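Asks: Please put together the full structure from these sequences, using the hints given.
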Amino acid sequence: MSEYVTLEQLEEQIAQLPPHEQLKLVAYISKRLSELTLPETAEEYQRRQYRTRIEKFLKLSDEMAAETLSEVDSAEDIRQIREERTAQL
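Following the numbering used here, the numbering of the sequence shown begins with 49 at its first residue and continues without gaps.
Among the hints, a few may not be true.
Label-pair restraints from in silico Cβ distances [as the list claims (entries may be wrong)]:
| no. | residue 1 | residue 2 | range |
| --- | --- | --- | --- |
| 1 | Ile102 | Ser82 | 27 to 35 Å |
| 2 | Asp110 | Pro67 | 53 to 61 Å |
| 3 | Leu84 | Thr116 | 46 to 54 Å |
| 4 | Ala135 | Tyr93 | 53 to 61 Å |
| 5 | Leu86 | Ile129 | 55 to 63 Å |
If you are wondering where the hints come from, they were derived from the structure by calculation, not from laboratory data.
Being a predicted model, the structure only gives us computed values, none of them experimental.
Every residue, glycine too, gets a C-beta built ideally from N, C-alpha and C.
Replies: Structure, rendered in structure tokens:
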């Protein structure tokens with residue numbers, strides 16, 4: 049079983065290091081922390097979920113618009129509506 053070093057003990061040991069060694073330690077710690085995947089905050093989770101829902105909605109909207117555009121001829125529809133109204137008069 050390994051023995052744990054407290055933060056206070058570590059701070060005392062770090063203070064004994066020369067400045068260039070302390071800088072190496074800072075670089076090492078920074079590299080390790082940047083490689084870690086930090087847990088997502090609740091706000092980040094909500095934003096990701098919202099973005100996913102919006103992307104799905106936009107994709108569905110694009111698909112529906114493409115289907116509608118291929119099925120509708122606006123000029124023909126307008127002519128037909130005018131003819132129906134004219135016939136009713």
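Asks: Are the hints correct? Go through all of them and say.
Replies: Hints and how they fare:
Range check, isoleucine 102 to serine 82: Cβ separation about 30 Å, and the 27 to 35 Å hint holds. As the Cβ distance of aspartate 110 to proline 67 is approximately 58 Å, the hint placing it in 53 to 61 Å holds. For the hinted restraint 46 to 54 Å between leucine 84 and threonine 116, the CB-CB distance of approximately 48 Å keeps it satisfied. For the pair alanine 135 and tyrosine 93, the beta carbons lie near 59 Å from each other, so the given range of 53 to 61 Å is met.
In this structure the supplied range 55 to 63 Å holds for leucine 86 paired with isoleucine 129, their Cβ-Cβ distance being about 59 Å.
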